[in-house]
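Can you make the complete structure from the sequences, with help from the hints?
Position one of the sequence shown corresponds to residue 1 (my numbering), numbered consecutively onward.
Please keep in mind that the hints were generated in silico from the structure rather than gathered at the bench.
Just so you know, not all the hints are guaranteed correct.
Stated by the list, open to error - Calculated lysine to aspartate or glutamate pairs in the DMTMM-like style (CA-CA distance at most 25 angstroms, straight line): (1) K315 to E334; (2) K97 to D129; (3) K314 to D112; (4) K314 to E346; (5) K406 to D454.
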Amino acid sequence: MNKECWVMTDVLVVGGGSAGTMAALEARKDGLEVALVDKGGIYRSGCGAAGNDHFLAVLETGPEWDTPEVFLNWYKRLTQGLVDIKIADKVYIQRIKQLVAELEEMGIPMKDPGEKDYIRTRSFAQPGDYFINFDGRALKPMVSKKAEQAGVKFFSQIAMVDLLVNGGKVIGAVGFHIRTGEFYVFQAKAVIIATGNATRMYENPSGLPFNTWHSPYNTGTAQAMTLRAGGEVKNLEFVNYTITPKNFSASALNAVVGMGGHLVNAKGERYVFKYHEKGEQGPRWAMPWGTFVEEQEGRGPCYFDVRHLSESAKKHLIEHLLPVDKNTFMDYCEQKGIDPGADLMEIQISEGQHPAFLGSVSGIFVDEMCRTTVPGLYAGGACAVGIGSLAGSMCFGQSAGAEAAKYVLHEGEITAPLTEQIMEIKQAIYAPYQSCGEYTYSDVENKLRQIMSDYLCISRTAEGLTAGLQELNKLEEIFGQIKADNGHDLMRIHELRDLILISKGIAVGALARTETRFGLSHYRRDFPETNVDWHKSTHLTYLDGELRISYVPAFS
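Put into C-alpha cells, the structure is as follows:
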C-alpha cells in the first residue's frame, strides 16, 4: 500500500515552468498559501529551463509600432480571429512593462551591457522590433528562487495525474511521487494548471524522441486533465512546426531571421517570398510551408544563410543568441564541421508540437480572467489559448495567479473530495504495477509516434485521418496491458495516457476542418484551400469516454 500524503492549500499550481512559477508568485502576494507542483525540479522546469534569447515586449517607447493598439491589431491578424484579443490585452499588454521591470530588479540582464539599452529585433511578420535580445540562461532559476523566498511551497518530482471534481467544481488534484511512490492528494480552494505544450507525439527527424525543439517533458497534461474534468479545449487540429538545423532540434529560426538571415534552397535561391510577401519576415508558418514545397518539388535541401550579415551581427548571433537557447549549439556546429558565419547550415522541418509559438491558437479555452469552463479551475501559459512566447506565458501565469487569488479571497473554500473518486484514481494510477501485460511504455509511445507521423502529420486526408483515429483507439484498448517496473515507468505511462487523448483530439478536429489553414499546421491535401466558411474555432469536450466537437465563430 502506497503511503498517502494529504496537502491542504489555498491555491494549487500544477506545472513549475515559467507560467506556473509566475502564477504561484503572484497568488502568494495576497498572503495566500500556495503549493507549486512539478514532476521535475522547479528551478529548471519547462521550456524556459535552459534559457531564452528573446523576450516579446511592447514597451511604449514612442514609435507607433510600440503601442498596444498596433500590437493587438497585428496579433488579431496573425491568429486570424481565432484568439480572443481581449485575453491578449488583459493578460499580456497590461502586464508586460511591469514584468520587464520586475525581471531587471531580480538581476536578469535585459539590457545590453555595452549599449546600456535594449537590443530589439523583429521577426515573423511583426510590425516592429518587439523582441528584446538578452541572455536568459539564468531567468528560470532566478524567478524560482524569488517564488521560494516569497513562501511558495515547492513540491518537486510529483507527477500530477488528474483533477478532483465535486459538484461540478475543481477542488484539487492527485498525483504520485516518481521516486518514493507516495500518493499525493492536494485539496485547494482554486487550482491553476500550467504544464505547457504537448511534445513527443510525433517522430523526431533525428530519430531521438527526446531531442525536441521544446521541452520533451511537456506532454499535454493540463489539456488532458481539463478534458477529463469537463472543460473545453479548442483548435487541437493545428499542430505547430518550425525550422531547425538538420538533426538538431534547436530554437534557431527566430534568432537567424531576426538578425536578417535568409533561407535558401539547393540552387542558392531565397524561396520564402514565393510563399509570403514578407519572405523571412513573414509569419513563422510560412517558412516550414515554403521549405516543404521546395523539397517536395526537388529544390532541396534547404539552408540557413547568414554569410551576408555584418561581422558585428554575426558575432551577436553566434555568441549571444544561438548558444542561449541550446548550450550545445556550437558543439553541434563543431561536430558537423560548420562555421555558422561562413557556411550554409542545412535545415529541416521540426517535429510537430502543440502548441509551440507566438500566434498559436490551440489549447485550453479560457476567458480574459484565465477561467476555464469548470469553476475553480484556471489555466495560463502555453497550455491555454491567449498569448504565446516566453514573455506571454509569464504574463499569462501572473494573470492566472492574480485571478485565482481573487476567487479564493471572495468565494473560495475547501471542499472535501469524494472518497470513491480518490480510491478510483489511486487504483488507476498504480494499476501498471499489477499489469501482466507484455508492453512497456516505450513500446506503445513509439507506436503512437508512428501513427501520428503516418496519418496525422503534415499532409492530411480524410482517409488517412480516419485510419489514424482508428489506430489511436486501438492504443487506448491496450493501455491496460502496459506494465511499470518503477516510478519512472509509471510517470511515462501517465504521460502517454495524456498524449493519446490529445492525439485523438488532433484527429477529431482535423477530420472536421475540411480546409487548409496556417500552412503546414493544418494542411488537408484533399481540401488545399482556406475556406471562409471555416473561419471559426473547433471546441472539444470529453464525455463518457468520447470527444465531442462544437464550433465557435471567429472573433470579429
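The hints, checked one at a time:
The suggested pairing of K315 with E334 holds, with an alpha-carbon distance near 16 angstroms, which does not exceed 25 angstroms. Under the criterion of a C-alpha separation no larger than 25 angstroms, the hint pairing K97 with D129 is consistent with the structure, at around 15 angstroms. The suggested pairing of K314 with D112 holds, with an alpha-carbon distance near 16 angstroms, which does not exceed 25 angstroms. Taking the CA atoms of K314 and E346, the gap is about 17 angstroms. The hint holds against a cut of 25 angstroms.
Restraint check for K406 and D454: not satisfied, since their Cα atoms lie roughly 46 angstroms apart, outside the 25 angstroms limit.
This entry does not satisfy hint 5, going by the numbered hints stated previously; all others are met.
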